[in-house]
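Enquirer: Now for the letters of each chain:
There are 2 protein chains.
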Amino acid sequence: MRAIDITEQHPMVDESTDALEAAKLMASRSLPGLVIRGDGKHPYTVLPASQVLRFVIPTYVQENPALARVYDEKASDLMATKLAGRTVGEVMPPRRELAEIPRVNDDDTLLEVCAVMASFHSPIVVVGHGEQIVGTITIRRLLEVLFPDAGPDSEQAPA
Amino acid sequence: MRAIDITEQHPMVDESTDALEAAKLMASRSLPGLVIRGDGKHPYTVLPASQVLRFVIPTYVQENPALARVYDEKASDLMATKLAGRTVGEVMPPRRELAEIPRVNDDDTLLEVCAVMASFHSPIVVVGHGEQIVGTITIRRLLEVLFPDAGPDSEQAPA
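Same order as they appear, the protein sequences are chains B and W.
In terms of the numbering used here, the first sequence opens at residue 647 and continues consecutively.
In terms of the numbering used here, the second sequence opens at residue 647 and continues consecutively.
It cannot be assumed that every hint is accurate.
A few chain W residues that face chain B, going by a derived Cβ cut-off under 10 Å, partial list only [unchecked claim]: (1) Met658; (2) Leu666; (3) Leu699; (4) Gln708; (5) Arg732; (6) Thr733; (7) Gly735; (8) Cys760; (9) Arg786.
Quick list of simulated restraints, FRET-style, between CB atoms [as the list claims (entries may be wrong)]: (10) W:Gly776 to B:Arg675: 33 to 43 Å; (11) W:Glu667 to B:His767: 16 to 26 Å; (12) B:Ser662 to W:Thr705: 22 to 32 Å.
Simulated from the structure, these hints should not be mistaken for laboratory data.
Don't be surprised by glycine CBs; every beta carbon is placed ideally from N, CA and C.
Required output: the full structure, derived from the provided sequences and hints.
Expert: Encoded structure:
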């Protein structure tokens, strides 16, 4: 089995996408991260969900999580609303800080997909065919294929 | 809303757990990571799914992903089987390399949960009450609560 056999078409977002909408998109699809298209054809960025969370929390809280305590309960619940109107490009980490993106080739083996996810600490990888991006692979899909007997129902099944 | 309100009881594994079984457990529950109990009461370790993948790939491939290419397709598909019999303690990263664990208090606000997940790059956090661990919070659960209107069905629902 090759990378292309487990590649899926998940929605991607652009730098101009509303940041809150991007986070909601990730939530609605239960995605473990987002692929962000850059201006050109090639510059993709892949952010794990934990980093997409940065889209919805104030910068000073990111820099010092202890400051989250100064928010009262209600303010915390409302944070998502307050951040509306900013774009992904405005809230994502500076481009120069982003590591090289996790990418596999469509004919890579599943072992190679595992190795790239592990080395990039990324739950989602971009699948390329030459210069083209043909889709993405999530870690959940990879695990489903690696452990077909470990589905949600198998625990209850008789041995 | 506080951390305790969205805390769940996900299974944890021990250092003596079979590594392959640990990875399968994560797959079967669609968990974004695993909490690993140490020997004592306190030393927990939290690994995101991408790092649990290291449980099922050979060490030399982790060190040099390019070496995954030397595996032929069938060998790659069989890798999980070949790793059976090793424990989590044997395959997890050396303890000294593990960063401080992502942990929140049961009365923390959701903003604090966000901030801890973001700063630790972790899709799962341990929830503590004093010295006790009372459960875990996954990023999926957090996103569900932050964006209740962004459920899987809401996209199809009439506005």
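Enquirer: Would you pick out the hints that fail for this structure and give their numbers low to high?
Expert: 1, 5, 6, 7 and 12
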